[in-house]
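Residue numbers (this note's numbering), protein chains in the order written: chain D, 1 to 500; chain S, 1 to 500; chain Z, 1 to 500; chain B, 1 to 500.
Please keep in mind that the hints were generated in silico from the structure rather than gathered at the bench.
Where hints are given, some of them may not hold.
Facing chain D, according to a computed beta carbon distance under 7 Å, are these residues of chain S, among others [what the hints assert, rightly or not]:
1. 167
2. 203
3. 219
4. 220
5. 223
6. 249
7. 391
8. 409
9. 410
10. 416
11. 426
12. 455
Beta carbons are placed, not taken as given, at the ideal position from N, Cα and C, and that holds for glycine.
4 protein chains.
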Amino acid sequence: MPDAAAEPTPSWLRPRPPIRSGAEYVESLRGRNLRVFLLGERVAEPVDHPVIRPSINAVARTYDLADERPELATAVVAATGERVNRFLHVTESVADVVQQNKMQRRLGQLTGTCFQRCVGMDAINALWTTTWLIDQAKQTGYHARLRAFVRAMQRQNLVVGGAMTDVKGDRGKSPAEQADPDMFVRVVRREPGGLVIRGAKAHQTGCVNSHWLVVMPTMRLGPKDRDYAVVCAVPVDHPGLTFVVGRQSCDTRALEGGSVDVGNANYGGQEALIVFDDVFVPDELVFMDGEHEFAADLVERFTAYHRRSYVCKAGVGDVLIGAAALIADYNGVPQVSHVRDKLVEMAHLNETIYGAGIAASHESSPTPAGNFQNDGMLANVCKHNVTRFPYEMARLAQDLAGGLLATLPSEHDFKHEEIGPLLKKYLVGRDGASAEMRARALRLIENLTMGRNAVGYLTESMHGAGSPQAQRIQIARQMQLEEKKELARVLAGIAGGSED
Amino acid sequence: MPDAAAEPTPSWLRPRPPIRSGAEYVESLRGRNLRVFLLGERVAEPVDHPVIRPSINAVARTYDLADERPELATAVVAATGERVNRFLHVTESVADVVQQNKMQRRLGQLTGTCFQRCVGMDAINALWTTTWLIDQAKQTGYHARLRAFVRAMQRQNLVVGGAMTDVKGDRGKSPAEQADPDMFVRVVRREPGGLVIRGAKAHQTGCVNSHWLVVMPTMRLGPKDRDYAVVCAVPVDHPGLTFVVGRQSCDTRALEGGSVDVGNANYGGQEALIVFDDVFVPDELVFMDGEHEFAADLVERFTAYHRRSYVCKAGVGDVLIGAAALIADYNGVPQVSHVRDKLVEMAHLNETIYGAGIAASHESSPTPAGNFQNDGMLANVCKHNVTRFPYEMARLAQDLAGGLLATLPSEHDFKHEEIGPLLKKYLVGRDGASAEMRARALRLIENLTMGRNAVGYLTESMHGAGSPQAQRIQIARQMQLEEKKELARVLAGIAGGSED
Amino acid sequence: MPDAAAEPTPSWLRPRPPIRSGAEYVESLRGRNLRVFLLGERVAEPVDHPVIRPSINAVARTYDLADERPELATAVVAATGERVNRFLHVTESVADVVQQNKMQRRLGQLTGTCFQRCVGMDAINALWTTTWLIDQAKQTGYHARLRAFVRAMQRQNLVVGGAMTDVKGDRGKSPAEQADPDMFVRVVRREPGGLVIRGAKAHQTGCVNSHWLVVMPTMRLGPKDRDYAVVCAVPVDHPGLTFVVGRQSCDTRALEGGSVDVGNANYGGQEALIVFDDVFVPDELVFMDGEHEFAADLVERFTAYHRRSYVCKAGVGDVLIGAAALIADYNGVPQVSHVRDKLVEMAHLNETIYGAGIAASHESSPTPAGNFQNDGMLANVCKHNVTRFPYEMARLAQDLAGGLLATLPSEHDFKHEEIGPLLKKYLVGRDGASAEMRARALRLIENLTMGRNAVGYLTESMHGAGSPQAQRIQIARQMQLEEKKELARVLAGIAGGSED
Amino acid sequence: MPDAAAEPTPSWLRPRPPIRSGAEYVESLRGRNLRVFLLGERVAEPVDHPVIRPSINAVARTYDLADERPELATAVVAATGERVNRFLHVTESVADVVQQNKMQRRLGQLTGTCFQRCVGMDAINALWTTTWLIDQAKQTGYHARLRAFVRAMQRQNLVVGGAMTDVKGDRGKSPAEQADPDMFVRVVRREPGGLVIRGAKAHQTGCVNSHWLVVMPTMRLGPKDRDYAVVCAVPVDHPGLTFVVGRQSCDTRALEGGSVDVGNANYGGQEALIVFDDVFVPDELVFMDGEHEFAADLVERFTAYHRRSYVCKAGVGDVLIGAAALIADYNGVPQVSHVRDKLVEMAHLNETIYGAGIAASHESSPTPAGNFQNDGMLANVCKHNVTRFPYEMARLAQDLAGGLLATLPSEHDFKHEEIGPLLKKYLVGRDGASAEMRARALRLIENLTMGRNAVGYLTESMHGAGSPQAQRIQIARQMQLEEKKELARVLAGIAGGSED
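Make a model of the complete structure from these sequences and hints.
Set out below in structure tokens:
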């Protein structure tokens, strides 16, 4: 890949005016000639692909929200006085951390899907501290490089994705133990002025829609894993990258040309596999190289931020509750006690998610590097509930939806000359609730519980930011069991127990 | 629809040899010229439609099982000594009822989907008693008609579907109160030699794949609902019928030409809307006409049978457990304690479903009409667990699957010249677990938890045979609260409480 | 303990007429001079001790039920034609196994507690097969000895307790690895004509109320554990036995002299620690001695029976549901939808327990020894639900009870001259529901959820017949994971998968 | 009760120095000659009663914590600069509200029980706003009276209890509809300079241990309930008051003279019935009289505070987790995976409770009266989880405890000459874990899950601050269903839905 080495950071060098709106953001993605594959074909222009476009719209919505509600979706950098998009802002206060969560919930409400920018936000904030700590320990200069990178991103107002999850091969083995050493992204060689990485990152949220990617290790590493301890920034349009967009449940409905059966016509998520084919990264974009003992610190900081970022799902949950209430209304039973009770249960679960997440943010504290880090225990608790409650909420929504949720004819049938009138007659709800209104409400519930956005609302809720067991390990580490045992010993009168 | 009246029961009159295999069954469906619509188009031949065919295969599997394991999937009619398909058999013993459940679980295991014949089986058995009771009370002759119909079905070895669920309009109103009187199927007029019905039945399982339909009321009816109290048999190829097949999550993957992304290439379910456009039914096929006070008896008997028929989902659950174990194995972590523990939890929930169902069958007792009826309480309990546990099992399976479940590239990408090799390299699992093996296991889990068969495994588990609240109402009716209060009074020493 | 050796089996040799009623049973316990300790004192006569007596009454109830409903609580031995108490009957048919469960549920309803005879019943039935298998494998003569013992028990109509759970010391170590070898009951020496055992058995249900104990090992044993592989019968009044009755929540309320605050004045459970101080057992009462490789078979058979015996808790659950309905009624809100719904949920959970248990019995099959053994998987599933659902039912009952459940003044306050009238005025419920009626209903709920019978309804439900993890291990063993993986492989189209 | 009228507010008039420690607090309770009844007898001096004393110790602990950690358990009143106990502080900032929660959790950890002062704290804060609002609407002078009262409490550093829950009679009827008008506390007559109240308040937390009570209505009131709309302060030693202390599970163990079987020898809760026998209250202590339309405002504000105050249960939960970890350790299995996993689950549930509570506090906002009110939705969500998770945590703790939890002999047996040595031998755990250590750990778990503090940890968690249904009603009110429906309409493309 000599071309790549010859012009390693094209986007970086190209001066560009800041993106000022969702529309400008969409335009910024055009003409990048990315190697993107979807459904067995190379995608000529992702912006115009009906399956991909909804995921771009979701990111665009974050830009527009910054315009509409700057207090929510932007922040002012104290050092410069510049107002930047909150997704690019390094937290300077507890309020900054809290406001991230409120922005995330609102965007979940507005899009009903994953808007894909949290990984980058959380990565920048985690690296802010970890690079500072490495520098302190090792007299390296990573933190200054990161600052420069972040400032550039802020000024150009770009989308930064975070590339963390490796493909992993045999889960029972460490990176260095794998039969194929490329199962985790690694430095294959170091060259003057930079290093070359190879490997693949799986389920990369919004990567095709990003401008830059920050590559990070996915787990605690040992001395043998030194070459896997690499953090760096790579422009998305680097020719050494290949993107294979994961297919989603019901993805091809977007190719059918309607607006009903897709459920949520405007918005969707995106996750892709990224292959790094010996990509050269110049030193100024490298933020960790070999300091394996800091991989765990980075992962722990990032996941602490990111597990609380899942309050976005409470925003999506708001949409699901609304859709369930809508269909109950259209069915003529909004006040029936068991219907009402199920909506209350959904709201209760939804706010339980939000409560732990926003609490984790409120309980933030300053790091040695000066930014603010949220509470780790509560963040893990938030995410762990996210691996449970959306599934129960989906179950309740399907209960309220009625069986038609899974037997509704297609919208093409509704438009059919012969059977369209029959469907409109027979699938009507209460007075004023047309068959189409019911169909649209049902398709939205289908979208969120079995369809395209179920990927984000359920499966990604399960595995994003770490699978359930990852949270349990963190909870175990942070649950202060010895202190709790001491509390018990004191009250039980067991010798050795002494009141503090 | 004068043509319909002119030739009311074409299939009935046409003498036909019995169907002897799955293959013969498939052939029996050809050339019927049904009015079937799917995805906005009339289907010329359902047998050859890639989306419909898997549902036909699932029914065909029931015929083949009858050959392979006659003790399981057939029964001998005592009165005649004839061996008939168990789905057409009127239970003659407790063992007959139990064996239905064992057959159902096995078919769930073999197909991983809904095989669509239980409604008919349960309808025949419920009607066997209800017609007898009506005759006793009203000196009608329904039972003899039903016997003749059942014998004909058995001899020809046909598939009988049951058409119960009306479209219902405003759920807050009774049939007679609806703005449009056609929201529940009804007798629009009575003619010499028969009656004419109109209306629509929603989510009719396997109806296109059936030879005959038994139309039944969907709920308890009052005196004003007399015209809605109609039970009759109608041949599926009656020209007055229109079928609109409901679309399912990921249904169009069957049109893509592969065998991986569909998850379960051979088998699927089917539910359709049936519109009855003033269909004439001759008297000999009418099993209830106006006896509204027996509608509740029929519904209660039918749902008692049918709610326990949902042990089929334990069979499908076996497949899901197997698939989850498979991917854990391929990922290299089959013995990790939390993985093992989740598989145990899935098995526990799955067997809890089975336990209540098979118990309901074992606790059957003879009806006045001579057939055997299962225990109603346990059947409702079985079904109520079915509205919960498959969702939790799906959640656990998604947990075990890992994030790739929802981000896996399409099989077309795997076959692509450029990226196919990359995917095969990077998505490999433990030694011996190729990327394709992982992909197939994941697609099967997707199929069952978000895809086409999630419709059957989850949503239909929720609403089939009555939504959760319907079971709660039955449990409330049967929970003998006064007896339980008396037990408590006696032990608490409350005056009036006396030991039995 | 030379006296013990001199007269090893006093009860055995003493000829006695059969016990014919609960009253005769109570008399049979008098004057045995057992070494029973409770609350720090030796109990002169357990029959007359207010704390112990309710547990004796519960056993007595099983005798009376045999009179009242012989079809339920007795059985006829085919070989002799003799009618015997079902608790002493060796199952001769599937119906026998099923009927055990129905008797157990009924006794749970009648006593609201543990009636203590199931361990013996299940031990006899498990040993029936295991002794037969040992004899087959080793040419021993255990089975004939057991037959003789069982016949004697049947003829005298005695209570046989089973002593299985050892005290265990360090749970991380096997019997032979313990610092003190007595942590599991063992043979300390073999003498002419018999052997001598030492050790202690914990939580022995109803042991003081029994006439005989069958000592059994508690777990799978290895070659080093040979001396722990001992099964034998010991008379309860053997002078080498010491019983320390475990204290229970609220146990001393029985000493207060009232009938309200105890909650359930007549019935309670009993569990005690038994110390075996070098007890000589003659050969004819030894049913295993050293055949360590059969310990697992015995434990598995016994737990298969016994885990399904926990359907008794569905009987106790009936009482709890009744009590909750009673207090809702007295509070004036029996028809409020959320109240009704919670009662339905309790009934649903309760019947789910029953369903799996009765299913396990219905699915029994003959053993090589000729008796009938229930299905192991469903039995484990039943018990595993018992470790969960009674807790949730208790929670729901406490919800329905209202806060007064835990703040109600004592019955002595109700009788107090000054404040009694105030309490009767202020704690009244709906018209017709006196303060005392409310108090009695609440005390029964307290008894079952926090008080004396919570020990049986909750904690023993958790740990009796094996703690939850023990069931999970059995479920793991029996869940046929390879077969399930094969089902999945076939449907997923994975090479090597072939349809059966 | 003319005496009462003659000397209506003895404590109020008597000048007293502030209480400065737990010990001084205990002394302050002596010699008050309260009419307290317990177990059928009038208690001469509650301070010296073994059953009552632990509840006094728990309150005393709040005084000592104020000394030890003033930043946590005291606050400075901005207007005066005086440092006051946080339980008497009117919140002046968000941080004040948050700090209440942290103090509550810490006290839960230190006492393992209910420390009884939150009701007063939350009542003062709720009334602060409601009295201000009434004054604004009605030109009354309640707020100034309340300020004076609060200032006096702060200066004297007294314990203020809140008396809210009426005895209610028939729950299906409003106060004015009851057969006996005294079922809710009411103004029976108005006299010059004051009013006279009659009725009873049930389950009054820590009332005997308080110096003053604030009487408040328990629910939304209508115009007919005008006389029930009364708020006033009453000194606990007013002769018109009678207290009947509710009995608790295992309460009399405190009379047995040991320190093991009580489980938590030092600390316990207290709830009593208070009867108001025509108590005269002077005008300056009346804070609402007849303004029925503000009853709902007061109840809603109070419950918003108080439902989040239940984070104290997370502190008690810490003790339970510690006790469960302790017994697992003593049993020799602390690292077994299922044991570890259950501890993690307990911690997860416990922190979920805390998360929603502390989030509710962090999301506080200023009221028109100048103090700070927490978020109502999150507070209700916190409390609703408290009605569920402690029960599941108790279940898990009982699982980890093992069966000995409910069969352990009494501590008197351990001290017995003959059997004590046997128990010490046979009930030993892993090396270093004596039988007594195990016994003490188990008795603490028993105490929290079935015994005296289960009353506070479970039943009061269920019903305190409103039963579960009360939270569901509040969640329903606050869940903004119309806004959520609009979100869904916009995304589903339903006409009328427009993006905000």
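For this session: Give me the numbers of the hints this structure contradicts, sorted from smallest to largest.
Result: Violated hints (numbers, rising): 3, 4 and 5; every other hint is consistent with the structure.
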